[in-house]
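Enquirer: The primary structure of each chain is shown beneath.
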Amino acid sequence: QKEVEQNSGPLSVPEGAIASLNCTYSDRVSQSFFWYRQYSGKSPELIMSIYSNGDKEDGRFTAQLNKASQYVSLLIRDSQPSDSATYLCAVSNTGGFKTIFGAGTRLFVKA
Amino acid sequence: SQTIHQWPATLVQPVGSPLSLECTVEGTSNPNLYWYRQAAGRGLQLLFYSVGIGQISSEVPQNLSASRPQDRQFILSSKKLLLSDSGFYLCAWSVQLPGQFFGPGTRLTVL
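Read top to bottom, the protein sequences are chains A and B. Quick note: the first sequence uses this note's numbering, first residue 1, plus one each step. Quick note: the second sequence uses this note's numbering, first residue 112, plus one each step.
No lab work stands behind these hints: they were computed from the structure. Predicted model, so just to flag it, every value in this text is computed and none were measured. Fair warning: there could be bad hints in the mix.
[Claimed, not checked] Derived DSSO-like pairs: lysine-lysine, alpha-carbon spacing no greater than 30 Å straight-line:
| id | chain 1 | residue 1 | chain 2 | residue 2 |
| --- | --- | --- | --- | --- |
| 1 | A | LYS42 | B | LYS190 |
| 2 | A | LYS56 | A | LYS98 |
| 3 | B | LYS191 | A | LYS67 |
Input sequences plus hints: build the corresponding full structure.
Expert: Next comes the structure, spelled out in structure tokens:
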């Protein structure tokens, strides 16, 4: 059974701090890795994708991938109350059809 | 730009009644289409995906079915709903990487 594991949280950080969200996956042949943000009652929104080892930065977001450790993380710098949401980690095979989602980590940013 | 529509937004149905949820995508051709279900507090469960008209792959055996009568139309159906069918149903599309893009979802309650 291919799995994606995330700490359910909630993770609580003060405004302006760095939020660190982590994810591990079981399928070693996974090729594509994604982070989605889901506000309460809304559908998931793609915020980051990463395909190779290392860091990828986009604004206040940095995705980190370590395939040897089967580990993906998302860093949110200068966290804002509007970042409060559930963050879903997703892992896909080469074709991209079968994407496995983690259950998500709830993040609260306190003003 | 691409847009994905789902309807209805909310639905309350009695056990044993039929179901039809519709999803349409605008602004792209030959998308891959997906149906997911998200139970309360849970991750996304892939139900069906389609790479073209009439081509449906089922991921989870259950009392649901899917059809793709047109290139950008994806329908989720059931002949008889169960209590366990309650959840947040999400349609998504993709063409190539990165990632999948979700519609607004249908919140289904089976009583």
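Enquirer: Take the hints in turn and mark each one as holding or not.
Expert: Hints, one by one, checked against the model:
| no. | hint | verdict |
| --- | --- | --- |
| 1 | LYS42/A with LYS190/B | holds (27 Å) |
| 2 | LYS56/A with LYS98/A | holds (23 Å) |
| 3 | LYS191/B with LYS67/A | violated (44 Å) |
In this structure, only the earlier hint numbered 3 is contradicted, and the remaining ones agree with it.
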